[in-house]
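Colleague: Spelled out, the chains give:
Number of protein chains: 2
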Amino acid sequence: MTDKGLSMEPYKGVRDFYPEDMAIFRYITDTMRQTAELFGYEEYGASVLEPSELYRGKSGDEIVNEQTYTFIDRGEREVTLRPEMTPTVSRMIAAMRRNLPMPIRWYSIPNLFRYEQPQRGRLREHWQLNCDLFGVNSVEGDAEVILLASSIMRAFGLTETDFVIRVNNRKIMNFIISDYLKLDDSIGKKISRIIDKKEKLPVAEFKKMVTSAIGEKDEILLTLLESKNFEEFVSHLPKNETLNIALQEMRTLIESLENKGVRNVQFDQTLMRGFDYYTGIVFEIFDTNPKNRRALFGGGRYDNLLSAFGVEPLSAVGFGMGDVTMRDVLETRGLLPKYKNPAYLAIIMAEQQCLPYASELTRKLRADNVAVSMDISGKKVGDQIKAADKKGIPFILVIGDDEVKSGNLKIKELATGVETVISDEKLSAFFKK
Amino acid sequence: MTDKGLSMEPYKGVRDFYPEDMAIFRYITDTMRQTAELFGYEEYGASVLEPSELYRGKSGDEIVNEQTYTFIDRGEREVTLRPEMTPTVSRMIAAMRRNLPMPIRWYSIPNLFRYEQPQRGRLREHWQLNCDLFGVNSVEGDAEVILLASSIMRAFGLTETDFVIRVNNRKIMNFIISDYLKLDDSIGKKISRIIDKKEKLPVAEFKKMVTSAIGEKDEILLTLLESKNFEEFVSHLPKNETLNIALQEMRTLIESLENKGVRNVQFDQTLMRGFDYYTGIVFEIFDTNPKNRRALFGGGRYDNLLSAFGVEPLSAVGFGMGDVTMRDVLETRGLLPKYKNPAYLAIIMAEQQCLPYASELTRKLRADNVAVSMDISGKKVGDQIKAADKKGIPFILVIGDDEVKSGNLKIKELATGVETVISDEKLSAFFKK
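Protein chains in written order, with the UniProt record's numbering: chain A, 1 to 433; chain B, 1 to 433.
Heads up, a few of these hints could be off.
No copy is singled out in the list; a pair is fine if it fits within one copy or between any two copies.
[As the list claims (entries may be wrong)] Simulated crosslink set (BS3-like; lysine-lysine; CA at most 25 Å straight-line):
#1 Lys410 / Lys380
#2 Lys260 / Lys426
#3 Lys189 / Lys207
#4 Lys189 / Lys217
#5 Lys189 / Lys200
#6 Lys239 / Lys171
#7 Lys260 / Lys405
#8 Lys260 / Lys364
#9 Lys340 / Lys433
#10 Lys340 / Lys207
#11 Lys432 / Lys340
#12 Lys228 / Lys380
If you're looking for bench data, these hints aren't it; they were derived computationally from the structure.
This one's a predicted model, so the numbers in the text were calculated from it and none came from an experiment.
Given only the sequences and the hints, what does the whole structure look like? Please build it.
Modeller: Next comes the structure, spelled out in structure tokens:
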């Protein structure tokens, strides 16, 4: 508390949503919601508070300790503000494993917290659409989820040249690291992280890091990573049955997506995705905007996550799509809608004695489902009109003694200045069309 | 973590929302949202994390320390999971005091946290519609907000005999306590809390508590509290100009609400409402269900809250309406809708070779905005139909070789068993009507 009173700032790294920001948030989440539901995905939800142990086994203690909001409650329970939704949805599915008919299509738009230094596009709190398909252990499941991700991008007005869908398969990469290069677990993890950074590093520096991590095996790996397309990549690999299944899955996936009209798909052997829990395909939606080429969001298959709850594993594939990133992309491309006040009409009183008439008119309009804001501030008419305009209310109606007597009302559209005279009986019908 | 794996329970006192619960939550919040927007209220939002100091000055340290989730972040900042929305909305309005055209009509549906023992209707986390009107310092503002609260109840299908709106005015009660009975501040606070409990206590016990708190002045107060209606109550009060204004406000409010069609209003001199910050009218929506008479939610006028931020005060009136309470009321009265899957149609494949046809059909339907769930589980047809039924998908379509060849499709409505044969070209039109 300063001398001047309490601070008016929100907590560091989180956002206040004034109505114009909230409208954008609503547009983004409504578009996500509508598209997910078009695919038959059902919405679920949960609390932002979760027992901390949920994040321990899987992500490694580092994430729980360093990057989350974790605290002890008054009952000595350790709790965490969820940093991602996948552990929660896995917990919920595990609890109802036997009662939910498969396949399960679920989505949610939770807020997530990360404890990190706020920066552009990386806040401490963001919202994230999560879509997951459970109980389909086939490439067709992978294809559906990628199609859904792509359909949401298209629903926002983005075209297939605006983004590329990069795909890879953990099975292929695991084969290369463990079976082909025969790297042990810790070196395998290290090289995975290096591979993931290839695009961001200068060529020489990347090579140096690879060599320093895996020594003389570097050439085999570099040749694979530098392959220009899937078939060239395959040509550098040995013959192996397990590998062959994974390679065939990749071909089937790309073909299936093409059949569904998704052609902006690219195999990318450097795509790893952060989480340890992925077991099959991984994918990433990549922004091709020349000014800001970057990964927007992604997902993949995680078939083993339920086993952490002591229940039978269940195949699963899904993705998460953040609101901050999407707002940024849509803003850059001019794809966000203009703010509109929820009210169509501002009723403005020229004299206070018009109140009963204005109230009754307002009541009737609302009963007919016309959204009305009635100005009861008692300010001057001119100021009331200015306020309506600034708030983005499209139509105004000034009520004075003449209007009360005659029932003839003059509706004015503020954007065009067009005035329409109409009897009070017909006012609802005017706004219904 | 148990031997069997991680716990599948959510954190104590919070809820998991499986799709059927989420659909109810959505129904409740959508109804709130639509009604608020019909009145021209604009949606805003903020993070659940707030600096703890926001709750200190106003509610007294007790609330921050005992009843909230408060912790220290890694940057030594004290943060709280918001227990109510009014301090947040006041903070946001204060920050933009000069840029927002008055009057301001805002609503939000935030989640709120309280640290207390979970019990029926009182969880550690709930969601609450908050509607506030700023910049209208008149009874007409009070009336609008109460009308909005009443309209939301009506939008849920509740009638005016299902609930009563109890109203009181802090100015009247302050006059009685400070000016008429001349009680000092601490006794005044104590007696306010006792008055608030009148309805819940046996008559004798209540009288004893009043006498023990204020001694020989008890009779004056008890006479006032036992008055059967507003005019009887007024007849026991002394003549005083300030009091008179407050009494006149009460008459105007009840009259204004009656003119707006709200007749289930009752003056209730025992209604105090918990928060210290109220400065004028207070009100409460009271459930008249004989099996469960109780206060559902309420609100009031708070004209001084912005001064805590060192800016000019601003008149404000609003209310909060919780989702747990409303769900309970609507459930008891059978007013909740039946669950519906977002998909209208489940496409079921009899043979896997029908996949390309089924995919293309699905794509076309979705392009026409028909929500479709395609079963790609590879299970037996009978099991796929059972799963669709259990998920609440109203229509099914089984695709086999015959359908692929002929393009004649048999749509079955599961609830009625009615089958319709239709060509694949006309399928979208069938669902559009």
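Colleague: Treating 25 Å as the Cα threshold, decide for Lys340 and Lys433: within, between, both or neither.
Modeller: Answer is within; shortest intra-copy Cα gap is 17 Å, inter-copy 30 Å.
Colleague: My question is about Lys260 and Lys405: at a cut-off of 25 Å on alpha-carbon distance, are they close within one copy, between copies, both, or neither?
Modeller: The answer is between: 20 Å across copies meets 25 Å, while 63 Å in one copy does not.
Colleague: Using 25 Å as the alpha carbon limit, work out where Lys228 and Lys380 are close: within a copy, between copies, both or neither.
Modeller: neither (70 Å within a copy, 42 Å between copies)
Colleague: Reference check for the pair Lys260 and Lys426, CA-CA at most 25 Å: within, between, both, or neither?
Modeller: between (48 Å within a copy, 20 Å between copies)
Colleague: Indicate which option fits the pair Lys189, Lys217 if close means a Cα-Cα distance not exceeding 25 Å: within, between, both or neither.
Modeller: within (16 Å within a copy, 78 Å between copies)
Colleague: Check Lys260 against Lys364 for me: Cα-Cα at most 25 Å, and say if that holds within a copy, between copies, both or neither.
Modeller: Answer is between; shortest inter-copy Cα gap is 10 Å, intra-copy 49 Å.
Colleague: Are the CA atoms of Lys189 and Lys200 at most 25 Å apart within a copy, between copies, both, or neither?
Modeller: Answer is within; shortest intra-copy Cα gap is 18 Å, inter-copy 64 Å.
Colleague: For Lys432 vs Lys340, is the C-alpha pair at or below 25 Å within one copy, between two copies, both, or neither?
Modeller: So Lys432 and Lys340 pass the 25 Å test inside one copy only (17 Å; across, 28 Å).
Colleague: Within a copy, between copies, both or neither: which one fits Lys410 and Lys380 at a CA-CA cutoff of 25 Å?
Modeller: The answer is within: 18 Å in one copy meets 25 Å, while 65 Å across copies does not.
Colleague: Tell me, please, which holds for Lys189 and Lys207 at an alpha-carbon limit of 25 Å: within, between, both or neither?
Modeller: within (17 Å within a copy, 74 Å between copies)
Colleague: Between Lys239 and Lys171, at a C-alpha cutoff of 25 Å, which is it: within one copy, between copies, both, or neither?
Modeller: within (15 Å within a copy, 86 Å between copies)
Colleague: Reference check for the pair Lys340 and Lys207, CA-CA at most 25 Å: within, between, both, or neither?
Modeller: Result: close neither inside a copy nor across copies, 53 Å intra and 55 Å inter.
Violated hints, listed in ascending order, are 10 and 12; each of the other numbered hints is respected by the structure.
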